[in-house]
Amino acid sequence: MAQTSHVQSVSFGHGNANSGNTINSFNTFNISDEDEQIMRWLSPLEPNKRHQAVRTDRFSGVGDWILETREFREWRGSEGGADKAILFCSGNPGVGKTYLR
Amino acid sequence: MIDNLCDRAAEESIVVAGLYCDFLFQQEQTTINIMGAILKLLVGRGGIPNYLREAFQKSKTEFGGRGPLLGDLMEMLRIAIASLPRVFICLDALDECLPKYLLELLESLRDIVRESPRTRIFLTGRPHVGGDIQRYFSRVVMIPISPNPDDIRNYVEMRLDRDTEPEAMSNDLRVDIVRVILEKISDM
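Chains as they are written, first to last, in this note's numbering: chain Y, 1 to 101; chain D, 102 to 289.
One or more of the hints may lead you astray.
[Stated by the list, open to error] Restricting the straight-line Cα-Cα distance to at most 20 Å, the calculated cross-link-like pairs of lysine to any residue (SDA-like) are:
1. D:K201 x D:Q127
2. D:K161 x Y:I38
3. Y:K49 x D:Q127
4. Y:K49 x Y:I38
5. D:K159 x Y:L67
6. D:K161 x Y:Q37
7. D:K201 x D:L170
8. Y:K49 x D:L195
9. D:K285 x D:P245
10. Y:K49 x D:F189
Hints are computed from structural coordinates only; laboratory data are not their basis.
Only chain Y is shown next, with the shape it has when bound in the complex (with noise of 0.2 Å):
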C-alpha cells in the first residue's frame, strides 16, 4: 500500500543517527495514524530534525551583519515583485553560510 514509496528511503536512514533530513528508523514510520503517513508520503526528508540540530549548535550574534546589508532588506521588504525573489548568499565551505541568523 502507501508503504511501498517509503521502502527506499528506510534503507538510507537506517544506521544513521544524525541523518538530519532523513527518517531515521524503520519503526518511525511504521504507524497507523494517518496524518503521520500523510506526511512521510509527501517527503522522507525531515528538515525540522536537522534545523533543530543547527540552532543548537549556533553562535549568538554571528552572521548578524547580513541582516543590515541593503541586499538583504530589499529581498526581505515587501516591495518589489518576483524580481527581488531570489536571494543567494554564496561562498567556500567552512565560511559559515549555514549558520547565518
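Please arrange chain D on chain Y, whose structure you already have, making use of the hints.
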C-alpha cells in the same frame, strides 16, 4: 536565517519553510522529495488540508500506492502558497544536491515565483552554483559570505573562556591563538 524570519512570522504574517541539503543523502534529495518537504513544512502547522488528504487516498488506490509526482506536488504547493500569507523558502547548501536534481529544483522554484511573485527564496551554496541559479533567475541578488573577523574572535574567546583546563593557558598563548586563527581565516 530560518529563525530570524520565524521570529517575525507572527507579527508580519509570513510563513517560513527551511531545508538543508546534505551530501550524505544526495540520492534521496530528489526534486520531488525536496518539494514534498517544502509542502510538508508549509501545511504542517495548520492541519492537513483536504486536497492533500484526497491526493494521498487516491495514490493509495493507484499503482499499489505510489509516491506523489512532481506535477501533483507543484499544484498542491500552488494551492498551499495561495492560501497562506507571504511565504519564505530557505534552502541551504544547494551545491550538495546532485547536479541532475539541482536544475530541476531551480526550475520548480522559478515556477513557484511565477505563480506567486510575493514568495521569497533564500539560497546558500558554494559560488559555482551561482551560474546555475542565474540560468533560472537572471535577476538573482548574490551576497558573498566570508568569515567575519569579529564573529570569529567572539567565538574563539568564548571557547577559550570555557576551557576545561585553564591552568594550562597563559595570556601569551591566548593572544597567539586568537591572532593565528584570525590570520588563517583571512585567506578563506
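Hints versus structure:
Annotation: proposed proximity of K201 (chain D) to Q127 (chain D) holds, straight-line Cα distance about 11 Å (limit 20 Å). For the hint linking K161 (chain D) to I38 (chain Y), the alpha-carbon distance of about 11 Å falls within 20 Å, and the restraint holds. Taken as a hint, the K49 (chain Y) and Q127 (chain D) pair is honoured in the structure, with Cα atoms around 17 Å apart against an allowance of 20 Å. About 18 Å separates the Cα atoms of K49 (chain Y) and I38 (chain Y), which keeps this hinted pair within 20 Å; it holds.
With a CA separation close to 44 Å, the supplied pair K159 (chain D) and L67 (chain Y) exceeds the 20 Å bound. Between K161 (chain D) and Q37 (chain Y) the CA atoms are separated by roughly 11 Å; this keeps the pair inside 20 Å, and the hint holds. At most 20 Å may separate the alpha-carbon atoms for a hinted pair to count; K201 (chain D) and L170 (chain D) meet this at roughly 17 Å. Distance check on the hinted pair: K49 (chain Y) and L195 (chain D) sit about 18 Å apart at the alpha-carbon level, within 20 Å; holds.
Of the pairs offered as hints, the one joining K285 (chain D) and P245 (chain D) holds, with about 18 Å between alpha carbons and a cut-off of 20 Å not exceeded. For the proposed pair K49 (chain Y) and F189 (chain D), the alpha carbon gap of about 19 Å is at most 20 Å, so the pair holds.
Violated hints amount to a single one, hint 5; each of the other numbered hints is respected by the structure.
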